[in-house]
Structure formats: structure tokens, C-alpha cells
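Put chains B and C with the ligands on the given structure of chain A with help from the hints.
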Amino acid sequence: MALDTTALDSKVPVGPLADKWTNHKFDVKLVNPANKRRFTVLVVGTGLAGASAAATLAELGYKVVCFSFHDSPRRAHSIAAQGGINAAKNYRNDGDSVHRLFYDTIKGGDYRAREANVHRLAEVSADIIDQCTAQGVPFAREYGGLLDNRSFGGAQVSRTFYARGQTGQQLLLGAYQALARQIHLGNVEMHTRTEMLDLVVKDGRATGIVTRDLVNGEVRSWSGHAVVVATGGYGNVFYLSTNAMQSNVTAIWRAHRRGALMANPCYTQIHPTCIPASDDFQSKLTLMSESLRNDGRIWVPKNADDARSPDQIPEDDRDYYLERRYPAFGNLVPRDVASRASKKEVDAGRGVGPLKNGVYLDFADAIGRLGRDVIEERYSNLIEMYDRITGEDPYQVPMRIYPAVHYTMGGLWVDYNLMSNVPGLYVLGEANFSDHGANRLGASALMQGLADGYFVLPYTIGDYLAGLLGQPVVPTSDAAFAEAETNVADMTRRMLSVKGTRSVDYFHKELGKLMWDNCGMARSTESLEKNLSEIPALAEEFWNDVRVLGNDESLNQSLERAGRVADYFEFATLLCHDALVREESCGGHFRVEHAQEDGEARRDDENFAHVAAWEWTGAPSAPTLHKEELVFESVHLATRSYK
Amino acid sequence: MATATAPAKRKRELPWPITFYRSAVGKKWVMAISGVVGLGFVVVHMIGNLKLYLSREEINLYGEALREFPKHLLPRTVFLWITRVVLVLALAVHVHAAASLTRMNARARPRNQQYQSPRDYQVANYASRTMRWTGIIVLLFIGFHLLDLTWGGGGADFERGDAYNNLVRSFDRPLVAAVYVVANLALGVHLFHGVWSMFQSLGVNNPRINKARKRFAQSVAAIIVIGNISFPIAVQAGWVDEACVGTEHGEPCEPSGLKF
Amino acid sequence: MTGKTLTLRLKVWRQDGPRAAGRFEEYDLPGISVDMSFLEMLDVLNERLNADGHEPVAFEHDCREGICGSCSLMINGMAHGPQKGTATCQLHMRHYRDGDEIVIEPWRSSAFPIIKDLVVDRAPFDAIIQAGGYISAPAGSAPDANSVPIPKEASDSAMDAAQCIGCGACVAACPNGAANLFTSAKLAHLNLLPQGQAERYSRTVAMVDTMEDHFGSCTNHGECEAACPKEISIDFIALMNRDYVKAQLFNRRLAGQRR
Ligand SMILES: Cc1cc2nc3c(=O)[nH]c(=O)nc-3n(C[C@H](O)[C@H](O)[C@H](O)COP(=O)(O)OP(=O)(O)OC[C@H]3O[C@@H](n4cnc5c(N)ncnc54)[C@H](O)[C@@H]3O)c2cc1C
Ligand code: FES
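Residue numbers (the numbering used here), protein chains in the order written: chain A, 6 to 648; chain B, 17 to 276; chain C, 184 to 442.
Here chain A stands alone, though its shape is the one from the complex (with noise of 0.2 Å):
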């Protein structure tokens, strides 16, 4: 590993916390009504970020040109999210406010996001209920029609809106909406079953993407004055995961190949109350919203042999363990001290269930406490959720869960302007690794993607398009874009000419394996360092001995899958060694040399206040690291605890 210390320029405006967006608007340039129709912009990504900036960059009248690997925008990732979205609105007038939301947000994520970042997320958070509601979107209301909250975790008051069980749906609905009326406006030209396998960069700039056309195998490039990557996290780097099953770091790590830096990897985050997998053969995860555990009582039997079915264990032979160590929370500590403790009863032989990798949730005592209405009226769609999965009724016995990758955190550096440190092209969402630090706060992402396309890039993009004025695009017909497409071609043709003997899905499961059980909930010098070695070598294997059948010219779901899989391997490395270097334990990166006597997460302001940014040199295991150091002049460091 080298470092290079030339800071990184996070652009944040000077002055006062509070008044640095506000002063920004005014001081970044703007590109008038009729320039703005002679800018294209390339927009990959159409879940909440990226739908809601190409939606409107297309209303200011910017030329936008769309991409999705999916069929329909409205398929990407973010329509599963489930829980809310959190605004300060102080609809509840319970002492919210956008410093409250800021102030959460930045102890959330363990004093290792960007203040300035933050405090724009928290201000621009009332203005996306008020468009999202203008949309349409039916959040959930009040007998007096208007707007409901409810309360997340890491917060002490109420801002969370909601639709159902369905936010992420509705909210990425309507900006899927609003892309639509800009596509038959015909300001968007909408590309689907199209993946961005390359980002071209010319004279240091990004200057347009090479795609291949999933359902006949073309490969195209586009170009454009700028490039908006928006293709959401990379959680299935662990193969199992809460993500959807085409989550991929893909767009991303391409983009990182060709120059973009790569910020804070090892941030991923790890959900407490997902169903266990049931067989070898589980394909993802299903969360189970942690809501629950307001309910539900956390144990595991005391004895690991007990084999009696849980109605038969007497209350002397369980152990009630989060309430035994955290008696003030009890089972309501935060995602990642709940998770780690499952870990260490499954790790202990505890587990329960058929696989022994889960923890009893149980509703036993809130039934008879409160009488099984009250319990049917609070959870009843996700205890059919849980029996259609799990075949088991959770009012007669209690549910399994066990933690479960879920978010990540880390993604390309971008400055204060969303854009990376490659001018012209920028990132939003997940893709980016701006607001969350270390950890995500529940229902903080889905207000990150929409305020990152409606609120920010919007005005952002601008400064950095008006110095661009009366340029064209770079033609395809460029050399650089050549490049990029016998790139493209090229891995490929690789990918289906290895001819082995073993499947993409394999290859998968291994990586995804070493990747939980090394980098997971816990990490250690030792776990890192054997996954440092073990990855390259399965990545070795796969080039020899991967099977990718059919061809290039027709819907190959193998090869797609290939491609996405091989990045994996390259990233993998990276993540792990993001991790070994990040000496400390904050948020969801838990290293057990950085624990307190008791086994707390021990964090190292002094030394690791700062974002890890790689650079790609060429070969995966040598990158180069660019720190940023991270400022703190309105919030004072405090260590969390939850005892």
C-alpha cells in the first residue's frame, strides 16, 4: 500500500455550518435557460438517485440520456426498501430540527461522515416530503388526513414518513413517474437492459460510458459532457445479503478502474432481524423490519445441546441475553451491537433452528402481556411474511432470525458537489460514500438518494457544466472510446472462452463465504490477511475454471452475472484491505484487536478521523491511499454506549 498525501479537496464552502448551502447556491455558476439544452448528460442508474436527477435535470432542460440494467426503471433496488424516510419536519413538535437531524445522523454514523455533507442532507430533507407528497406519493396520514410519523432507531423523536411497508416503493414510483413525463417529453432518451460496463475519461475528464445492450449483446458508446453514476451499493459482495439479487459493484468499480477513488470500503452494515438462511442453496436474505424487537424478546437456550423445541424450555434453561449485558436498552441496542452479540451464541454453538444459525425472537410474553390482536395489528404483514418463507407460524413459536448484510456505506469519494475526483463525473446514493460515515441510521438512505437527485446535483452540476460552455461532446469516434470498448469486448470474450467446469453462482458463494466469515460482523489482522491471500487465489481459479455458457449475442444471464462476479473479486480485496488498515472499530467496521474489555467497539479519533480514499494502481492488492482528513467544528466526539 502507498499513500499519497496530497489532501483531497472536498470543496466544502467556507463559513458558518448552517449557512454554507444556502452560500453555495449563490456562489456556484449557473448555465442559463437555453445553454442548458446543449449539455448532454449521461444518467446510469434509475433507482431513487438516479431517477430523481435525470427526472430533473431533464425538467431544467438539460439533454439526458438514461441507462438501467433493468427492464423498467422502476425495478431498481431501492423499490424494496421498506421501512421510511426520515425529514426534519417537526410535524410532531417533538424538538426536531434539521440541527437534530444533523446532529443524529453524524453520531450515527460514528463521527466519520463530512459535517458540511450532513448538515445539507438534514436541510434539503423537508423539501423531498413536500415534492414526493406533490408526486402523489400516498404516505401514510392521519384520521385528520395529514401526515403520519413513526420513530427509528438512533433517534429520539419521531420523523420517520412512511407508505405502508412499501416507502422505498412509492417514493422510487414517483420518481420513476417524473422520469417517465420527461421521456414523453422527450427530454430523456431512456435506455433499458443496458449496463455501463466502462467510463471513458479524456484529458482527465469523464466523457462517456461504453454499455452493452444485455438482450443482444451490443456494445455502444455514449457520449456526454458529464457522467451520473447512480447504481446503488455493493452489498452482495458477501453473496448473501438483504440486496436485491442483481446489486453490483460493477458500474462503480469501473469507473474506480479508470481513475475515480474509492472511499471507505469496509463500512458495510449488518442488519440484526433477517430470517436465517434455510439450506445451502439460499439465494438472498429477507429482512425483517427491526421494529420487531420493540415486541420481541432475544434469546437462545443456555444449554448449546438442548434439543427440546422452544415451547418446552423452561424460562431457568434460556438466556436472555441482550438484556442480560445491556440491561438499559436491552433488546433494543443499536443494528450493530445486536448483530455482533447473535454472532458470538451462534459462534458459541447456541444457534438455533435445523442450520443452528439463528436466535429465537419471541412474541410469547407481548402476546400474553398485550393478547395476540394488539401483536396481529402491529407486525401481522411481516409475520406473513415470515410464515410464507419460513412455513412456521411466529404466534405458536418463535421466530429465527440472524443478522444479515444489508448496507453499504462506503463508495466513490465525491466532494462536496457529489463529484468524484475525476471532474465531470459525479455519483449519488449509495454508489457515493458521502452521509452515513460508518454506520446508516435506519430510513436515512432513501432521504440521501432523493435529496442527492433532486436538491443537490441539480444545482450542482452546473458550476462544473457552464465551464464547459460551447464545447461538444467528445465524439465516439474517439480513440479513447475505442479503448474502452475493446475493453468491454474483450472481458467478454474472456469470460465465455475460459470454458471450466464451474459455475459463476459457485464462485460467488465461495467469495461471498470468505467475505463473511473474515470481513463480516468481526474482523481480525489474521481474518483480513487470510482473506487477502485466499481472494486473488479464488479469483485465479475463476479465470481458469469458470463456466459461462451460450453466447454473446443473445440474453446471457450467466455472463452478465460473470462480469459482475470478477469485479467482486478485485473490490473484495480492496474492502479487506480498507479494513486491516483501519486500525480501530466504529460503526459497522469491528475489529476485535479494537475492543474495550467488555467488547464494545473501541474508536480511534486521533488516528482514523479521516476517509480512506484508494486509488487504483494497476493490480488490486497494491492501491494507493488518499486521506481526507475529516473536520469536526460543530459536534463534539463522544464515544457511544448503550449499557
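Think of the hints as simulated: they come from the structure by calculation, not from any bench. On a predicted model such as this, the values are computed, not experimentally measured, just so you know. It is possible that some hints are incorrect.
Taking lysine to aspartate or glutamate and the DMTMM-like style, the derived pairs with C-alpha atoms no more than 25 Å apart in a straight line are [stated by the list, open to error]:
1) K518(A) to E230(C)
2) K348(A) to D284(A)
3) K267(C) to E397(A)
4) K514(A) to E248(C)
5) K307(A) to D321(A)
6) K30(A) to D327(C)
7) K349(A) to E602(A)
8) K267(C) to D136(B)
9) K16(A) to D132(A)
A partial selection of chain C residues facing chain B, derived with a Cβ cut-off under 10 Å [to be verified]:
10) K194
11) F295
12) C357
13) S400
14) G405
15) L422
16) Q431
Note that the Cβ used here is the ideal one computed from N, Cα and C, for glycine as well.
Quick look at chains B and C with the ligands alone, frame taken from chain A:
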């Protein structure tokens, strides 16, 4: 993949009834309205025919009254003719709309797009899936029925104005009676789905009446079927007999009407 | 959780490309755990096919949580299979018995041409939304979210309609290949809300007309409602019909407008 840009198609502005009728939703609305007209006719027709059970005079006077309605306000049979024209038009658009929707649906799932494995229908019932066939049966039946009892070309002795005897003579033939029974069963099935469907097509949708829609449709269909098939059955069973004609003032040799 | 396994006989539609002729292929598949999801069962099939040197079966899926609307299989003649209110990805193998034969086909409709095997192109759904399935509210123009109270009933009902995942099961299940449930759900979502009133009638006409350019017509079978993984009610179709009739017959011109 293909650019998902909406086709910027500009349709020529046509007179609104045509634009409306061109759409499938419009056609369904027209079918519902014409269906209501037809239903009204069927109900009135059935009720009128119940007079068969009173006496020959009653039913024949009823026939005459229809020709005279509304008495002195209009010349004789004018109203009847207007009604007939409306009914024919309703029938014509009903059939035309049905035929063109059928064509549209065939285009939406042509031969090479049909399921190759057996379909397992969940709720679509016999009535909804046989509308086309029951409709055709009813249409053919209307032709035969007009020929038989309005124009007198059905093969039985026919005397204009003597509805009672025309009917009884016609229904005396077992085959014809059977045709009437079968056709009315088809009509009932058609009405059952048609009446329910009418609420949907007209957009009558209120949670309070939604539950009653199906029951209403069932009742209407049942009443019509029972009423209508009772006539051929009654004649075949001998409950209703031909009345002698030719006595002075048309008095019957025996009292006509129901006898048990 | 029982650890039980099944042996199944699958008949799967295979078609190499949009213009290729398709055929059923039969596969015997042992060792299927009853806890697997239907799509995991297909994953297992694909692993075996790949191991044997045969190209895996292409099928669409993504979230596997019943929300993205990607999965789309006709299973034994039923769109999304036998379980009510359940998308293919949420269907589990415990609903099958050892030795069962399962026939798997793609959605079929001329509006949804087959791309490969079980994958179809559902772009006409996007065309319907593009025609008017939105409320025009450019970013920055919105009033405070609580400035217009919305009766809870209206909002709940709009949400019932808005749950549509756009999977196309309604079209697949409809004997007429009609998309009325999909279109009416989107229309109801927007038309029931106060924000949606300004464009209510133009939206209805635009979306219905676009729908009819691609799909068949509704004859009120109700199969769509039965197949819908979100159990969206056909009452919304009645609402759409009413709005369309109003738009075409009564709302053609506003007072004073010449055209
Ligand atoms: C189960 C679950 C529940 C969640 N619940 C909540 C919640 O309650 N509240 C909350 O705030 N957050 C929640 N989250 C997190 C949140 O949903 C995501 O972080 C967020 O939606 C990400 O949005 P995005 O726009 O960045 O990316 P995505 O929605 O992932 O969109 C990515 C887009 O990029 C496209 N794409 C990707 N790669 C390429 C490529 N190479 N070429 C072309 N196109 C490409 C895809 O087609 C897609 O359109 C949840 C996450 C999960 C997994
Ligand atoms: S895979 Fe998303 S709905 Fe089935």
C-alpha cells in the same frame, strides 16, 4: 434494448362519439347501455307474456295496447316502431362492439401467443367465458323468435293479432319448445355475466353496492329464465291450451288461461 | 423446516431468442428441499444444467421479496403459481408434493414478446406510464406537504392501488390479454388524490388509449384480480371506466375553450 420512449403518436381529432366508440372502454360502455336497453325489453316482454296465464283476451289485449300506446298522443304503432328501431339499433351496436372487441382480443393473444399448457382458471366462470357463444345463440334465437311469432314464418299456423294462439300453437311442437328452453337458458347465462359486467363497464362502483351486484345479476337472470321457460313448459305440460277461435266475439269454447 | 426433499418433473419453455421457435423441455430434478423458494429451485436446475453443459434457463428476478415485479412465471397454468397474493419469488416448494409435474411458461401476450426462455419484454407498461401516469410536479415547485390535508380513506385507497408491482400477471392471466388492472391501478392511485385532480381526465384518456394500442380489452372475467400478487381489486377498473367515460363524454372542453 429498445429505447423505451413513448411513441409520440398524434391521432387525428374525430367527432367525439366516434373517438369514444373507437376505444375499447367506450365500446364496453356502449355494450352496457345497449345491454340495459335489451334487458329492459326482456323484462317487459316476460312480464307481458305472463298474461298468457290470465286468458287469451288479456294477452291479446295487451298486444293491442302495445300497438296503441300512448293512445291519442301518437298515431297507432308509431311508438311501437320507435321502440323497435331503438331495439334493433341497440342490438346492432351490441353485436358490433362485441365482434370488434373479440377481434381486438384475438390480436392481443394470437395463436402463437397462447399458453401451450392447460390454463387453470381461478375465478372466470362458465358465464364469462361463454359470452360469445351464449350471445350467438341468443342472436340466432331472436331471429327465429321474430320469424315464428312476429312475422309468422315459423311453420306453425299463424294469425296476426292472436298472440295467444300463435304462441300456444308454436309451443305445442316439442322441438320448438325445446329450442325455446335452451335459448332462454343461454339468455340467462348471458344475462348473468352481462348484468354484473354492466356495473363494471358503466363504472358503477360503490363499496356499498358492490357486494349486491353479483346477487342482483343472479336474481335478474333467474327471474327471466324461470318466467320465459315456463311458457313452453306450460304448453307442453298442457296447463295452457289452444283457445277455439271463430266463436262470436272470440269467446273461447272453454275458458283459456291456466287450468289445473 | 423439515429437511424433507422432493423429486420433481419440470416442463420448462425454452426459446433461444425472440424469433426462434420455442419448445418444452423436460427435466427430472431430485433433491429439492421443501424450504426452498420456487426460484431457488430454478437456481438448482440451472446449476445442474450448467454442470451438464446445457445453457441455463433464463428467467427474470431481482428482489426475491415480491416487490420489484421482475419475476413472472406461469406455473401450471396459473400466473405466479397456486398461492394467492404471492409473487413467484415468494412461492415456496412446500406447496408441492414429491413426484409433482410442474409446467413453467413465460407470460404470453402479443404485447409481451418473448426475449428468451421465460423472459418477456414488458415495455408497453412503461409506455402506459409515460403517456400520463404521473402528476406533473417539477422539483422545487411543491407546497408544504401538510398544506392540503388528504382524507385518510382517500390516501389509503390510493395506496391500495399504488401497491401494484408492475409484474404483468394481470395481463398474463387475462384470457383477453388486457392490461386494465395495471392501468386502472395506476390511474386510481393518482386520480383518487387531490394532487392528481388537475390532470385527472387528460391522464385517463392518454393512459387508456395507450393501453389499447398494445393490449386486449376487458370482459370482466376477474382473472387479473385472482392472479395479482398484491390482490389489487377490479373495483379500480370500474373507476377507470367511469373516469374515461366522463372524460370523453362530459369533459371534452372546458367552458370558453374553443378547441
Ligand atoms: C431490504 C432493504 C430495506 C431497506 N429499507 C430502507 C428503509 O426503510 N429506509 C431507507 O432509508 N433505506 C432503506 N434501505 C436502503 C435503500 O433502499 C438503498 O440504499 C437505496 O434505495 C439505494 O438507492 P440508489 O438509487 O442509490 O440505488 P438502487 O436503487 O440500487 O439503484 C441502482 C440502479 O442502478 C442501475 N445499475 C446498477 N449498475 C448498473 C450498470 N452497470 N449499468 C446500468 N445500470 C446500472 C440499476 O439498474 C438500478 O436502476 C433498504 C435496503 C434494503 C436492502
Ligand atoms: S423477484 Fe422481485 S417481485 Fe419477484
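Status of the hints after comparison with the structure:
Between K518(A) and E230(C), the direct Cα distance comes to roughly 18 Å. Compliance with the 25 Å bound is thereby established for this hinted pair. For the hint linking K348(A) to D284(A), the alpha-carbon distance of about 18 Å falls within 25 Å, and the restraint holds. Restraint check for K267(C) and E397(A): satisfied, since their Cα atoms lie roughly 18 Å apart, inside the 25 Å limit. Proposed proximity of K514(A) and E248(C) is supported: the alpha carbons are some 20 Å apart, at most 25 Å.
For the given pair, K307(A) sits about 8 Å from D321(A) by alpha-carbon distance, which is consistent with the 25 Å threshold. Of the supplied pair hints, the one linking K30(A) and D327(C) holds, its CA atoms being roughly 21 Å apart against a limit of 25 Å. Between K349(A) and E602(A) the alpha-carbon distance is near 15 Å, which keeps this suggested pair within the 25 Å criterion. Annotation: proposed proximity of K267(C) to D136(B) holds, straight-line Cα distance about 14 Å (limit 25 Å).
With a C-alpha separation of about 24 Å, the suggested pair K16(A) and D132(A) falls inside the 25 Å cut-off, and the hint holds. Checking K194(C) against chain B by beta carbon gives a least distance of about 7 Å; that is within 10 Å, so the hint holds. About 8 Å separates the beta-carbon of F295(C) from the nearest beta-carbon of chain B, less than 10 Å, and the hint is met. Proximity of C357(C) to chain B holds as hinted, the smallest CB-CB distance being about 9 Å (cut-off 10 Å).
The beta carbon of S400(C) is positioned within 10 Å of a beta carbon in chain B (closest approach about 4 Å), and the interface hint is therefore held. Below 10 Å, beta-carbon pairs count as interface contacts, and G405(C) has one with chain B at about 5 Å; its hint therefore holds. At its closest, the beta carbon of L422(C) sits 6 Å from a beta carbon of chain B; the interface hint therefore holds under the 10 Å criterion. Evaluation of the Q431(C) hint against chain B yields a held restraint, the C-beta minimum of about 4 Å falling below 10 Å.
When each numbered hint is compared with the structure, no violation occurs for any of them.
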